Structures are given as C-alpha cells and as structure tokens.
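Here my numbering is used: the first residue of the sequence shown is 1495, the next is one more, and so on.
I should point out that these hints are in silico values taken from the structure, not numbers from a laboratory. Nothing here was measured: the structure is a model prediction, and the numbers come from that model. There's no promise every hint is true.
Calculated cross-link-like contacts (lysine-lysine; reagent style DSS-like; alpha-carbon spacing at most 25 Å) [to be verified]:
1. K1574 / K1821
2. K1515 / K1528
3. K1693 / K1753
4. K1905 / K1929
5. K1554 / K1605
6. K1705 / K1681
7. K1729 / K1681
8. K1605 / K1821
9. K1796 / K1933
10. K1807 / K1615
11. K1863 / K1925
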Amino acid sequence: MNIARKDIDATSAIITMNIVKADYEEAVEKTLRKYRQKANVPGFRPGNVPMGMVKKMFGKAAMADEINNIISENLMNYIKENKIQILGEPLPNKTEQKEVNFDTEEEFEFKFDIAIAPENKLNLNDKISAPYYEIQASEEMVNNAVKSFQDRFGSYDEAQDVVESDVVKGDIVEMRTKTKEKEDGIKVEEAVLCPKYMKDDDQKALFVGAKVGASVSFNPKKAFGNEGEIASLLKIKKEEAANVDADFKFTIKSVTRFKAAELNQELFDKALGEGAVKSEAEFKARLEEDIKKQLAMDSDYKLMLDAQKILAKEAFGEVAFPDAFLKRWVAETNEKISAEDLEAQYPMMLDDLKWQLTKNKIATDNNVKIEEGDMLSFAKKTAQAQFAQYGMSTVPEDVLENYAKEMLKKKESAQQIVERVLDEKVLEVVKSKIKLDVKKVSIEEFNKLFEEQGK
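Using the sequences and the hints given, assemble the complete structure.
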C-alpha cells in the first residue's frame, strides 16, 4: 500500500491511497473462512460448503468491506503521523477519482480531498489590547438582593382587613339586582382573588379596606377584563366567561397577607448558613461580594466574546480559508441543512472554527491541562448554581460532591464540562498576557453593549 499527498494550494490537498491485493488478501480469506463456518446453503452442512462457492457468494462483499477498513484506518493514521491539521474530515475526491470496480479489479486507487488549517500566527503579548468592562455593584443591587431573601423566607399571616396585595378568599354569588341573587346564577365557594391584579382601579378600591365577613359587590368583567382570569375565578369555561357582565357579591371569609422576613439573625442564618454573618452590615457586605463575583463572570463572558474576534484576527489575519470544501463538508454531514441556510450560517460557522483553532493553539502553547480535580470543581459550581435556582443557597459539601460526580458519569455532560473548563483556563491565560483596557460601567451600560451588538 502506498499513500501520497499532493498540495493544491496552501489549504487544500489530495491524498492518494494505492491498495494492492497483498494488502487485503489474507484478511479477506480469514473472513471467508468465518463465512464458511456459518453459511447456510441448501445441500451442504454448515462448515462443509465448498470454498469456491463461498468466494463466489461473498468474495466481493468481503473484499469491499476489508478495503473500506484499510482506508479508514490508514488514512487517519497517515494524517496523524504527518501531523496534518485538517479541517473537517477527508471527503472522496470528485474530479480525479477513477471509477472503482470490485468485480474486475484487484488493485485500487482512492483519492480524498482534505482541507488544511492555515498557519496560526497568534503570539499573545501586551501589544494586543481588548476592552474589559468592569461592572460596578450598585447599592440598588444589594438592596434588591436583600429584598429577594426577605421575600424568599417571608411568611403568610391572617389579616382582618384587605390591602391591595392580600390574597382574599370567600364565596361568590351572581346578582340579579344590587340586593337580590340571580336564580340559577353562578355560585362559587372558596373563591380566591388578589385586588393587586385587578386592572380597574375603581373595582380594586371596593376591596381595599373591606373586613373579614363583609360582602363586596363588584363586576368581574370590569375588574379583570380578561376572559381567562374571569373563567378561573368563577370556575367556568372561557367561552362562557365572554358572556359574563353581571355584578357579583363576594363575601370575604379570610384574608392572607404576605409578610417579608425581618432583617435579623434568623434571616442571615437561613440565607447564608448558620453563623456566616452576624450583622446587617456583614450580611450586605457578603451579598455585595457575591454580586461582584457574578458580575465578574459576566465581564469575563463579554471579554471572551471580544477576544474571540481580536485574537482570531491576530492568528489568521486576512488568510483565506477553504470555504468551498468546508461548505461541502457541512452539507454532506448535515443533510437537513438547505443551501440557503448554509450560505446564511457559514460566516458564523467560520468564526467559530477560527476561534476553536485559536483556543487550541493558546492551550497548546501555554501547556493548559485539564485535571480530574478541575472537572469536579466545575461540576460542583454548576450543581451549586442549579440548587440556588430553587432557593437552596446552602447545600452540604458532600451533597454537592455526589451530585457533581453523577454529572461527570454522563458522557455528554462530562464533555460539556471539559469544554467549559478549557474556556476558563484559556481565558485566564489571555487575561494574564494581553493588555486589558478596563472600563468601569453600570449594569445598565453593560447590558446596552449587548443590545447594540445585536443590532
């Protein structure tokens, strides 16, 4: 077997593989002997079918399979051994490849197109500059975080009169006149409403200040103006709610009022763990610290987006990529993508490819390694963030670790974590080597950057 490479240009080449009978003959014979042991041919017991008949029945298929195995193994080995950094995967050549006939030929020539990554010229240094938007933690952010914990650990208490945000429970009766109920009218026991969500201020005012035991005459259509909400309140179908226009009497049976948790040691312990902080000042300082960490992650994310463009340009400049090959490779490996979608999405695909090549070079040049401990640490952070979404801000270490280990057992999530850890490590290298043009911004100014970027 002989393998040779012919360069077409700086990023395109053809690999030619010549396969002769000696390359596959022994393996084909071995396969056919196995076929003979299992072949079920009328008139012959298994294992006694004449070898000539076996060759006639299965010989060409066995030869084709073995040649495909030789191609698969040796083509990629050649690329690895010669350290060719290819883009995508080798594709069968369509211009120089001669027709192959397994019925009449014993020696074969196969040609494959490959795309070669352009030279990556990136050299990280402080002459490369990128903006770094340092988001400031405002007093409003801290106060909102405090309120969030107060609401999370608040309680619901019974009240005797109604304020706008209360939950009011009672019985509803449809009225024929102001004083008489409608015969066979709508009646609902244990109905629940909240004046705060009424869209009509006059109807809302009818409830505010009313006491337990009092009856309020109101009009659901005026109060809510939404057939879905009316149907939910009156326990009827939405189609029926469209015809409701009468006044109803609501007899208040109970009033439930939400009370935010007091800013005291009990709240501090529930929010951050027992004894973590011991005063309001320490509580707010800790929340501010957590906010700053989150904001720093957002700042790093923006830096990564900006750095991708800046560093990819440093790496490749205006060098041309093998666009025709790459589009062909995407089309052949993704049959669902249309020609129009491919053309529209290709610029973004190319940007992603350039960054992937750039990121890999940074990792290689700076000996970036991903250890098991790195993956476990990141998985624990991910688990902690997931628990926090459900209000569980203080999860025991052993629970986090077990949860993280379960994540790493799943191949897909483990691979995602590897990529995320690599992103973090590469970003740290970038931050340490290039010049960061630090700009202090508010969260509003920071968010506006993304709005402008999306235009």
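Violated hints, by number in ascending order, as checked against the structure
Result: hint 4 breaks, nothing else.
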